[in-house]
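Protein chains in written order, with the working numbering: chain A, 59 to 394; chain B, 59 to 394.
None of these hints come from the bench; they were simulated from the model.
Note that the coordinates shown come from a computational prediction; the quantities given were computed from them, not determined experimentally.
There could be a bad hint or two in this list.
Chain copies aren't distinguished; within one or between two, either way the pair holds.
To be verified - List time: in silico DSSO-like cross-link candidates among lysine-lysine, alpha-carbon distance up to 30 Å:
#1 Lys115 x Lys247
#2 Lys170 x Lys219
#3 Lys346 x Lys218
#4 Lys383 x Lys247
#5 Lys255 x Lys218
#6 Lys310 x Lys115
#7 Lys383 x Lys170
#8 Lys218 x Lys247
#9 Lys383 x Lys219
#10 Lys115 x Lys219
#11 Lys247 x Lys219
#12 Lys346 x Lys215
#13 Lys158 x Lys255
#14 Lys383 x Lys310
#15 Lys310 x Lys346
#16 Lys115 x Lys383
#17 Lys219 x Lys310
#18 Lys247 x Lys215
#19 Lys383 x Lys218
#20 Lys310 x Lys158
#21 Lys170 x Lys310
#22 Lys383 x Lys215
#23 Lys255 x Lys170
There are 2 protein chains.
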Amino acid sequence: MNSIGTPINISWCAYLPVTTGSTIQVDILSLNQTRKKSYIIQVPDHQVAGHEAGLGKLGPLIDDSGRFYKPLQGDNRGSEEVAFYESFSSNSHIPEHIRKFFPMYYGTKIMKASTGVDHPHMVLQDLTSARVNPSVMDIKIGSRTWAPDASEAYIAKCLKKDRESTSIPLGFRLSGLQVYIDDESRFYKPDRNYIRKTGPDDVRLLLRKFVSSNPSADMEMGTGSGPGPDCSLASSVYDGPNGILAQLLELKAWFEDQTFYHFYACSFLFVYEKRLGLKGALSNAEVKLIDFAHVTDGNGVIDHNFLGGLCSLTKFISDILTEIKDCTGTNGQVEL
Amino acid sequence: MNSIGTPINISWCAYLPVTTGSTIQVDILSLNQTRKKSYIIQVPDHQVAGHEAGLGKLGPLIDDSGRFYKPLQGDNRGSEEVAFYESFSSNSHIPEHIRKFFPMYYGTKIMKASTGVDHPHMVLQDLTSARVNPSVMDIKIGSRTWAPDASEAYIAKCLKKDRESTSIPLGFRLSGLQVYIDDESRFYKPDRNYIRKTGPDDVRLLLRKFVSSNPSADMEMGTGSGPGPDCSLASSVYDGPNGILAQLLELKAWFEDQTFYHFYACSFLFVYEKRLGLKGALSNAEVKLIDFAHVTDGNGVIDHNFLGGLCSLTKFISDILTEIKDCTGTNGQVEL
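Sequences and hints are given; from them, build the entire structure.
In structure tokens form, the structure reads like this:
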């Protein structure tokens, strides 16, 4: 049984808006002609990294039925990502409890892109569609973002980025984040230039801000002085049986064994809804894997590069939980 | 209590032989002048990788009391390795069950080197001194053998080697091995040119040969045809509560947590005695970590590069055990 779902054929959709949040009613006609249904297509509200749709710019789109349309990138990256999704969907050796970490895949579709012209898209699950004000973090995993068989020019380009970012020292780097504050202030969303320059201490701070009700609050790193982010949501988001840490450990166990795929330049997407977290509900945090343009065949070898980065990130998060427990003297459990 | 032992001061020793296996009686006088003891100094018999002592060539020496004298390498590598041993020896956070994986360190000593001239040496535990006919394997761990703060020239040199070897695809590479056959044939010891060119399939084969009574037997990889290495010692060497796999898993748990050191270009040394293994005794296999010329401060981050390689190697070994159990239908336990 394949939880990815049977690919559906969506054959056509009309003009697409390019202004974030604006919408337009379009018709999408299924290929088998048995039904006709309308969807509202728009630019995603909660994208924190990657190419963004804009005037004349190719970027992802979403509809109001929970689908994410990712335009196929040129230079083989798009077709490589499709090949991964097709392989993963049909791979009967992927355990069901692992499939849930991957977006659902519904096939490909040529449709009018954000640029206004027809372009092939992957039709995927929109990972934030069920959220009202999602806090989102995108973390690129692995100290090496290039596959061994990549071109010399591509390796040189990636190696430079890996060395300039925290990929080499930490085994992962932040690609973007937004943290919901309240209906008035909306989101804390540091700009990409800042994210690009983050060092290890910034990463530690941003992982704390991601689970704080005051994410804009800075603290002096090293001394720990200043009020700093309060980490008030750390227990409900990171900790507990359904928290992000538990999900990462579930993936870790799989990565210690799986030799099907090597995931280069692939990201974790962390998503949660603050409203639910503050109510002390069981964690609504989700971990998903995204961006598979550089997945290669594992050839019977585990993905030691991804696994190393995953373990490093896991340690950063468990260190935050340990520090909070040490400070508060509690066991960090969510009080229901 | 520090199991590394208190450094002893050995002040002087005389002329040293440079022919493998030849010996000479020399005097070593302790600095505190309280005792005078004679040791036989010689070139190691069971070295499988690294610089070798020879006529005019600087290399390690051993004595008959179980000490290994490693000449300090130039260009800071020697002093960096001493700095690591000094730090590790005095680091009270290293658990006792982890210290056993490191050679004992007895300090440094200026003594007549294999070249015949005085040179500073590290005085370490000779890891094969208690063995008669040890089978030995040296495996360099990590897909990256360079530290982030290394020079551009050094990084380029290492990266080239990492890409040409199995370091990048597997997360580790073989540096050398010898497998004891019998008193007549002595050792199977492939030459370094072969080792340097090993690909993933060769590595799989050599890990099987390492625990075989017929290590010279080749098999056609891919088809699995031909008699091939018999893996008759796999259960006693790799498996069981004291086997190499169990020791690697013990180290893995530590590497998932320790943030003191990052071990670049460091090796595992696997050592066992066939005579004991064949008798069905409990495994006498030992895992040791060696070569610390490129250890850097962990700065609160786990060594994801080493951990990834360690997990990959662990998977290779557990795959061999699984295949054997699948073939024989046994649970692979040693019959006592």
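Right, here's what the structure says about each hint:
1. Lys115 x Lys247: within (22 Å within a copy, 60 Å between copies)
2. Lys170 x Lys219: Intra 33 Å, inter 47 Å, cutoff 30 Å: neither.
3. Lys346 x Lys218: within (27 Å within a copy, 34 Å between copies)
4. Lys383 x Lys247: within (27 Å within a copy, 54 Å between copies)
5. Lys255 x Lys218: both (13 Å within a copy, 28 Å between copies)
6. Lys310 x Lys115: neither (37 Å within a copy, 46 Å between copies)
7. Lys383 x Lys170: neither (51 Å within a copy, 56 Å between copies)
8. Lys218 x Lys247: within (26 Å within a copy, 40 Å between copies)
9. Lys383 x Lys219: neither (35 Å within a copy, 45 Å between copies)
10. Lys115 x Lys219: Intra 23 Å, inter 41 Å, cutoff 30 Å: intra-copy only.
11. Lys247 x Lys219: within (22 Å within a copy, 42 Å between copies)
12. Lys346 x Lys215: Within one copy only: 26 Å inside, 37 Å across.
13. Lys158 x Lys255: neither (32 Å within a copy, 41 Å between copies)
14. Lys383 x Lys310: Result: close both inside a copy and across copies, 24 Å intra and 25 Å inter.
15. Lys310 x Lys346: The answer is both: 13 Å in one copy and 26 Å across copies each meet 30 Å.
16. Lys115 x Lys383: This pair counts as neither: shortest intra-copy Cα distance 46 Å, inter-copy 56 Å.
17. Lys219 x Lys310: Classified as both: same-chain Cα gap 25 Å, cross-chain 29 Å, threshold 30 Å.
18. Lys247 x Lys215: Classified as within: same-chain Cα gap 27 Å, cross-chain 41 Å, threshold 30 Å.
19. Lys383 x Lys218: Neither: 38 Å inside a chain and 45 Å across chains, both beyond 30 Å.
20. Lys310 x Lys158: both (14 Å within a copy, 27 Å between copies)
21. Lys170 x Lys310: neither (39 Å within a copy, 50 Å between copies)
22. Lys383 x Lys215: Intra 41 Å, inter 45 Å, cutoff 30 Å: neither.
23. Lys255 x Lys170: neither (35 Å within a copy, 51 Å between copies)
In summary, the structure is inconsistent with hints 2, 6, 7, 9, 13, 16, 19, 21, 22, 23 from the numbered list given earlier, while agreeing with the others.
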